[in-house]
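Participant: Line by line, the protein sequences are chains H and C. Read in order, the letters of the first sequence are residues 8 to 837 in my numbering. Read in order, the letters of the second sequence are residues 48 to 218 in my numbering.
No lab work stands behind these hints: they were computed from the structure. Errors might be hidden in some of the hints.
What the hints assert, rightly or not - Facing chain C, from chain H, some residues (calculated, C-beta under 7 angstroms):
(1) Leu421
(2) His708
(3) Leu711
(4) His761
Ideal placement from N, C-alpha and C gives every residue a C-beta, glycine not left out.
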Amino acid sequence: MSYDIGQDDEQREILLGFIEEGREMIDEAEPLIIELEQSAENEGELDLEMINTVFRLFHSLKGGAGFLDLTTISGLTHEAETLLDMFRKGEGQLQSHHIDLMNRSCDFLRSLLDQIETEYHDHGKEEEAAEIKEEIRLAIEVLKSGGDTAPAKETEAPPAAKVKSASEADQQPEPAEETSAVEAPMSLEDFQLTISPEMVATFVNEGSEQLEKAEEALLGLEKQPDDSEQIQQAFRAFHSFKGNSGFLGYGDMEKLSHGAESVLDLFREGQLEPTSKVINHILEIIDFLRSTLIGVGNGKSANIPATPGLLHLLEDYTGTTLVKPKKQAEPTPSTEPESVEEVAIVEPEPEAEPPVVQQEKPAPKSVAKPTSSAKPTKDSAGADDTKKASTQQRQSVRVDVEKLDVLLDLVGELVISEAMVAQNPDLKDVDIPMDRFEKAVMQLDKITRDLQDISMSIRMTPLSGTFRRMVRLVRDLSQKAGKKVDLKIIGEETEVDKTVIEQITDPLVHIIRNAIDHGLETPDDRVAAGKGPTGSLTLEAKYVGGEVWINIVDDGRGLNKERILNKAIERGLLDKDPSEYRDDEIWQIIFLPGFSTAEKVTDVSGRGVGMDVVRRNIENIRGKIDIRSTPGGGSVFTLRIPLTLAIIDGMIFRVGNDRYTLSITTIRESLQVTPNMITQTMDGQEIIRVRENLFPVIRLHELLDINRKSRPPLTEGIIMIVEDEGRVICLFVDELLGQQQIVIKGLSEYIGNHPCISGCTILGDGDISLILDVAGTISFAEQISPSLQVTVDVETLQEGQKDKSGSKGGNGKKSADDQPAEVVEAKKED
Amino acid sequence: MSDELDVKHEDLMEEEEDTQLGKYLTFKIGEEEYGFGIRFVTEIIGIQRVTEVPDVPVYIKGVINLRGKVIPVVDVRLRFGMLEREYDERTCIIVVNLDNSVVGLIVDSVSEVINIPDNDIEHPPQVNKGKGSQYIEGLGKVEQEVKILLDIQRLLYDEEIEKAAGSASAE
């Protein structure tokens with residue numbers, strides 16, 4: 008490029024447009040790629056349409072990049088496209104390491120897009136690109152020369168094949184040495200056919216280093232059997248070695264290192280003692296590997312005839328067959344990704360996978376389900392527009408987010424203004440009949456409401472994008488963690504506001520990480536616990552009331568109450584006696600900064616910074632996190648996010664001269680009380696009996712410490728029974744003023760936050776009404792007066808959670824249904 | 048000497064709004080006249096209904112509705128630690144914008160916008176007792192009178208941090 012593209016505004020716009028599209032395409036492609044892997048492994052057959060879709064995505068990306076002269080991108084996508092083309096035409100068996108290649112390409116492409124965003128070019132990463140391209144070409148060669156049968160059967164290098172120039176589309180007889188050559192039209196430029204000597208050399212060098220590391224670690228381990236660092240080191244070394252050998256098609260070496268890795272995994276999980284005997288076997292393997300490595304470096308074969316024997320020896324320890332006749336013809340080229348579905352470690356039953364996958368649920372999207380109905384496009388139970396969101400067929404207009412924000416703000420203001428007109432106090436003074444005016448106002452009202460609905464929906468996007476990204480994450484994490492995870496996604500078509508999407512991605516990642524790293528057990532542990540070896544992780548989104556609920560459910564080992572409490576005590580995080588904590592409170596402890604019960608630090612999780620950030624992110628969008636957990640049964644994390652961020656249905660009421668607003672979803676009922684319903688404790692706490700329930704009364708002005716001249720008796724006002732998550736209280740107010748849609752406005756930062764107040768709104772006559780946050784109010788009230796007993800309602804609690812009523816301390820009144828009735832009976836007598 | 052240089056330096060830094068430099072909006076609290084740079088002022092309105100907000104420092108009277116925007120208001124008297132005074136028809140709210148924070152200041156009455164050249168501004172006296180003095184940026188000499196020029200930033204935010212840490216409002 009001879010001119011600085013950054014200076015040209017128009018070009019820049021085009022580039023940015025390309026970047027955005029590119030990102031979308033990659034977002035679409037990634038989950039499909041993963042599905043392809045699973046569908047291939049489970050059925051042996053590829054979903055043609057899926058491959059075509061991915062192919063098309065790469066193709067488009069290539070086209071766009073080519074047009075913009077982004078050679079690095081176009082070069083890479085071209086290779087990827089070629090590889091995909093082979094699968095498309097049935098000219099090769101899709102294997103795990105192809106998936107890895109695709110994933111790596113996607114990651115790399117993303118980083119290129121990032122770079123282009125700031126630097127307007129894609130140069131500077133040619134080396135990395137070349138690496139990936141190289142591997143893709145290699146894979147293509149391997150496929151061409153014999154497809155899926157292990158190259159380990161022959162000499163290590165795939166047979167030399169002549170390259171055909173780009174345009175040739177017809178078959179060329181390749182002089183393959185032994186196996187049947189599956190011909191494919193190759194349209195590749197300057198392609199390196201064999202595994203180059205350089206690659207071998209690199210492999211040999213790296214390999215010996217890895218073997219050395221492994222050996223050192225094992226020896227260290229022998230002396231210190233509980234040194235987990237050594238185990239990790241050895242594991243990592245074998246893992247890498249395995250990967251590399253797999254890539255180059257050195258089947259025996261791959262198998263052996265896999266075997267060693269498996270044993271090390273057992274060490275890691277504490278399932279197997281690192282005795283000298285076992286370590287010796289592994290060291291033997293290292294010896295074999297080493298000598299073979301040298302041989303390979305000298306052009307000799309990578310075959311190790313002793314492999315089955317060596318593996319058998321290990322089987323004594325792993326207790327399972329490591330030498331497994333694979334049902335599909337892919338004995339070796341598959342590298343580490345196996346651990347997700349068919350880890351040789353556990354009793355191999357790949358057929359068992361699909362049944363483990365759910366059956367009953369009508370419309371859930373199971374990512375693991377290999378059948379064609381699991382196509383991303385068809386699955387959404389939603390309407391056509393959600394399909395549009397995920398397929399290529401998309402009619403859309405790109406709009407600047409800022410413009411959208413302005414638009415929405417204006418709509419919000421319009422709602423207020425409209426109310427100010429429709430409910431203008433001046434109207435009350437008018438004597439003449441106002442029928443026509445009222446009709447007109449009704450019309451205006453309706454239109455405003457419709458406008459509001461539509462504009463809210465503009466910013467709403469389905470969660471599918473976010474959820475899909477988790478697919479890749481789960482796969483990678485489960486591999487790293489050595490666990491088998493079956494991910495289910497339900498309700499991805501659920502839409503939420505754009506800002507919500509941005510804010511929940513990180514929390515989701517954290518929670519999923521935790522679930523996989525700490526919640527789900529290894530296949531062995533699970534089997535030992537009587538569960539299936541594959542853990543299940545479900546991501547579910549649905550509308551509940553005025554909220555979107557996102558559930559992350561795992562069937563792992565659940566949260567450990569004792570461990571949490573102990574750690575909390577250790578770190579001085581508790582502010583009351585441990586025995587006084589309800590279950591749900593205990594779970595919430597994990598959100599305190601500086602808390603973590605993980606004993607091993609696996610990557611990021613375990614370092615105690617995750618969860619409090621998670622909670623903060625959720626609170627930023629005015630959401631909450633609920634946790635439920637049963638030991639051995641798993642955990643459920645629920646992110647509850649208000650659906651419409653800014654507009655709610657509010658109930659306005661008056662206390663003294665001030666008006667307040669509450670979301671009507673929190674109101675259970677409102678009533679006027681009669682004296683016989685009122686009881687007062689010796690501390691002055693007023694309690695109301697409503698049918699069979701007793702509720703404490705809160706006088707709002709007293710709670711908020713706002714001056715008020717009089718203290719009217721409870722009978723002269725209205726009692727509003729409000730609740731949040733099973734906690735119920737009564738608010739005493741002077742008057743109910745009516746229901747209306749209100750636009751939530753934040754109180755300025757200058758004012759700060761009050762736990763009871765979640766914002767304010769402007770009423771029709773221009774006055775400001777503070778919006779009461781029921782949850783916050785209840786918590787605040789509990790804090791202020793410890794003798795306050797907030798009823799915990801049995802029915803509204805979700806199943807699985809222990810019902811501990813809020814009764815604490817001395818008054819001896821329980822809030823369960825049965826007893827207090829008697830107590831009150833005894834008191835009242837009229 | 049160096050004091051004057053200090054004042055000048057500050058002015059130089061604010062040169063972005065140099066058309067408004069040297070112009071001050073003055074207002075009255077009790078018997079004294081105060082002022083601050085006009086560049087912070089967005090508008091001036093008459094006193095209107097203030098909605099109380101719980102758990103805020105005493106000088107924050109609450110919030111008002113300014114054409115659909117909810118903004119907090121500070122009673123400058125209370126901020127100075129002076130006695131509160133009943134609002135009347137002359138009481139005004141000066142709406143200021145500081146770093147995108149919009150706050151209203153309740154004052155007894157608003158006077159005028161005047162030019163005060165830097166030469167006529169003296170550094171505040173060093174002997175300071177009492178809360179209010181920390182907000183003084185300088186003393187401006189205008190004909191026979193002295194206007195107490197205020198540092199808006201301090202007026203709005205000083206001690207805020209302490210207060211926030213102390214009260215439950217920093218949730």
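Participant: Compare the structure with each hint and give your call.
Facilitator: Each hint tested on the structure:
1. Leu421: It is violated, given that the least Cβ distance between Leu421 of chain H and chain C is near 10 angstroms, above 7 angstroms.
2. His708: violated (9 angstroms)
3. Leu711: holds (4 angstroms)
4. His761: holds (5 angstroms)
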